[in-house]
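Order-wise, the sequence lines are chains H and U. So the first sequence is numbered by my numbering: it starts at 218 and just counts up by one. So the second sequence is numbered by my numbering: it starts at 77 and just counts up by one.
Hints were generated in silico from the structure; no laboratory data involved. Treat the hints with care, as some may be off.
[What the hints assert, rightly or not] Coverage of chain U stretches by chain H, computed from C-beta distances (three or more under 8 Å per stretch; other residues unrestricted):
(1) 241-252
(2) 635-643
[Claimed, not checked] Quick list of in silico lysine-lysine cross-link-like pairs, DSS-like style, CA-CA up to 25 Å:
(3) Lys537(U) x Lys286(H)
(4) Lys392(U) x Lys332(U)
(5) Lys537(U) x Lys434(U)
(6) Lys114(U) x Lys257(H)
(7) Lys537(U) x Lys500(U)
(8) Lys257(H) x Lys312(H)
For each residue, glycine too, the CB sits at the ideal point set by N, CA and C.
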Amino acid sequence: MTRIRAWRTYGAAALLLALMAAGIAPARAQDAAAPAYSRKGADTCLGCHDDPALLGLFRTRHARPNDPKGPFGHGGLQCEACHGPGGAHVQARGKEPAGIVDFGPHALASPARQNAQCLGCHQSNTAHEWAASQHAASNVPCAACHTLHAAHDPVLTTATQVEVCTSCHQAEHTDLYKPSHHPLREGKMACTSCHAPHGSQGPYLLVGNTVTETCTSCHSEYRGPFLWEHQPVAEDCSNCHSAHGSAQPALLKTRPPFLCQQCHEGAGHPSIFNGPQGLPGGAPSAYLLAGGCINCHSQVHGSNHPSGRALMR
Amino acid sequence: MKSLPQRRQLSRAFGALAMLSAGAVWADGDAPDTSNWKCEQCPFFEGYDANVEAGALYANGANFSFGRYTGIDRSTVYADLGAAGQYRRADGLDASYELRDLGLASREGSVELGQEGRFDVRLGYDGQPTRLYDSGMTPFLGAGSGNLTLPGSWVPAGSTTGMSALGATLAPVRIEYDRRTASLLGSYIASSTWTLHAEFRHQEKDGTGLIGGTFFTEPTQLPQPIDYVTDTVEAGALWAGHRASLRLTYTGSWFKDDTDSLTFADPYLPINPASTQGRLALPPDNNLQQFALAGNLPLNFLATSFTYAASFGSLKQDEAFLPFSTLPGATVPTPSALDGDVHLSHYALGLALHPLRKLSLRGDAAYDGRDDRTTPLTLNYVITDTFPSSTAFTTPRYSEDRTRLEGSADYELERWVRVGVGGKYLVNHYGPDQVVTDTRDAQSWVYATLAPLAGLSFTLKGGDDSRKTSAFDAAALPAAENPLVWAYDYAPRDREFFTLTGSWQATATLTWSIEGFSANDDYRLSQLGLQSVHERRASTTLTWTPRETLSAYLDGGYQRLDMLQDGFTGALTAPWQVGDSEHFWNLGAGGQWALAARWTLALDYLHAPSYSDFNTQIGALAEPFPQNWSRLDSVRLDLRYQWTHAAQLHLRFIHEKYDSSDWALADVGPGTIPNLLALGVLPWAHDVNLVALTFRYQFGAAASAPPP
């Protein structure tokens, strides 16, 4: 009995603890001795770090003196808002990092340490879904994608973003050159047209809740609902399409009639064997050539025709 | 009255709580005194700078294959125009504009105005051409409209070989469309925690597509009018605290197709003399309304972070029906429109916590519902106008809901080794009118990340997946469908997969990365249909940056995809099998070199072939199709000369050669197939030399800076 009471007590205390800890309070405990900041802030840093490549920062949103939330806004910690207190670094005359947080995939600071700096400001806005994202789970530092000191961060520009993403996602780099592809290589679409790299509540870090919702945000003509629906279309576009690229037309996983015959083998022509005899020179077949099945069943995404049951009109 | 042990327990618990709270306060630390942080050396941008680009490009040999998404689709001279500018006042007022590719159909531009910490407004335009085929021919008149007629000289026949006027009446038809998007978006920072935002997008997509129309067994490829408009509104509010946030968003999207049907004359000799026209329904107008709530809540307890999201909405469609057929006296169904109504719902919860310094846990749960509440209609539909009998059939409605549970644990064993495990469980529950009630997919994986040397790290991950399916309800299959075929999205499946990623910064200037993936899917219970899918991918990149002014790279990739499926035509023939084996390669090399203070040279080479082999077998007879292939070779050269601080010359040269073969299109002209009047489009191919010379001039602050 005593043991049960003890567990109750501990349980109540744990609940109270969790509730109190849930309050809006600063991050978990850090070192007791707060490290020192530099004496003059950015003026101290710029005394040494005056490389033009770094000064591109002052063209970006991170360096706006009138933005009260920005690092260079009134009372902001300027360079040290991101790089951490630089007092020890100054004292060491810059010869060692001495507590400075450096950024990038090969930085001395761990990805978690780097990201903690970024999340200090961005956790409640841009990166509010970061913590549970696949990129966080893979320990990807923010600076693996973002070039913060450049006047124009390449990952924020449609035409250059794909180069950044495919520097890690190399298989998708190969996809860019497949005969059927979305216009990423041509710079008219970005990876972020479909994916939310900072986290998403949908699958595959998609911007939509589902694959279909994501696709139909641009391809709204296929949204339906149609009078006659095609079940796999309503379910998931990726049942038939490979969004990153394909050797087949229209980003299809394989081509008609074979793609269609993976599901349809009804008595009659759907089940007919289509071999090379159906090519020109043999007995050219409308089941095989040009669009294959979709020569007739052209309304595969659904039909609103009262007689469109076979998706032919 | 509390016993002594109880009081002791409570005091211990509150003691722990007090210590934790104290820790939180302790962590606050003292904010530094920044009163002397003047930022006097900070080169904040004020004033204006701008640049304009003007020049010309000539693309010799360009066609639709080359200009598929750029609009450089003819051998001609194009204006190469662009501009960008920025103005900023000391009080934080900021304005900018950017205009690109103004001489091309892919032109885009934006204008932004904002006040730091107050508001932002952006007006944008984006043109996106799609050029599919410029090799098609059709006898139909009125391409691009909703009514296709045949010339007066047309001679109908039972097959294309008998259409004696076909050759004389063929005219080129271009399968192309343009998507143009105008957008206006803005955000207003109402307070330190509240931001309001709104966006309006107007998108037009117009041009000509390709669609099939048919009379019983006599199809025709037709130019399809594309005349779509989609208007989308997004508006919402964001509350962002120090670390927690909450956002509310409304999305409304209205799709409108200005051409509701495509009517076409029958080019064949009608079997039914009354049936001389066909009609296709084109995508109906629809609209989507959605409300969403999402946010995050970080907790101090175990460095926990919650994310949550919920959205609900509906998708509606109520376009007036067409008549059942084009035959005289054909009626319109009752009711005269679908009144389609699909409810969409989404709930998700994500969790990440660090119970130990070296241990992190992550998990998420999500539910997606697609509830089709459209009233099923029973229609006496006309199977084909050729034989105008009607059959009563009730339209199936497809609903489903999906639940996804996913979790992973990651532990840092040593500074150089991390290990992790994870799992995912997916349940898809299907509504009525479907052949299964649910599928259950269980996936698990383990991984290890090793970093044995500074700069070297690689991750190995492997796992498997098993999808199980409820009993198969053959009664829900359409009539005559073979019950042995399980659609692959339903079918039981076993999957195993393995990935390898790694990177090595060998020296300060040399970096090597690698990625590999292998997956095997086995549809072991499917007697017909898809049997197996094997996927292999490998890629690598080597970069060398010996100094700031010189960099080079070498990259390569290979992918292979093998699919195998079985079929069965009927009792009188042997079972058949089709294998599809696809191979993709890419090999790239290039670099950038600042030759001197004024010259910059970039050079890129790309070789990217692909092969696709279809092999069929029926009984003992195995026959391969001719190989489908593509080959892309490209050389790009960029040479920039910084003439003065403000002026730059930019010379571009691109040689790109693409060739491909596709047995579905090769040698398929309008009259090749007796019962298909095809457009006769050809596989993509081009051999292009593009030269562009552009003059760029800077104004304002940047013009006074030294050359880079």
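Right, here's what the structure says about each hint:
Counting residues of the region 241-252 of chain U whose CB lies closer than 8 Å to any CB of chain H gives 0, so the stated coverage by that chain is violated, three being the minimum. Coverage of the region 635-643 of chain U by chain H holds in this model, with 4 residues showing a Cβ closer than 8 Å to a Cβ of that chain against a need of three. Between Lys537(U) and Lys286(H), the direct Cα distance comes to roughly 41 Å. Violation of the 25 Å bound is thereby established for this hinted pair. Taking the CA atoms of Lys392(U) and Lys332(U), the gap is about 12 Å. The hint holds against a cut of 25 Å.
A hinted pair counts as satisfied when its Cα atoms are at most 25 Å apart, and Lys537(U) with Lys434(U) qualifies at roughly 19 Å. For the hint linking Lys114(U) to Lys257(H), the alpha-carbon distance of about 7 Å falls within 25 Å, and the restraint holds. Restraint check for Lys537(U) and Lys500(U): the C-alpha separation of about 15 Å stays at or below 25 Å, so the hint holds. Between Lys257(H) and Lys312(H) the CA atoms are separated by roughly 19 Å; this keeps the pair inside 25 Å, and the hint holds.
Violated hints, in rising order: 1, 3; the structure is consistent with all others.
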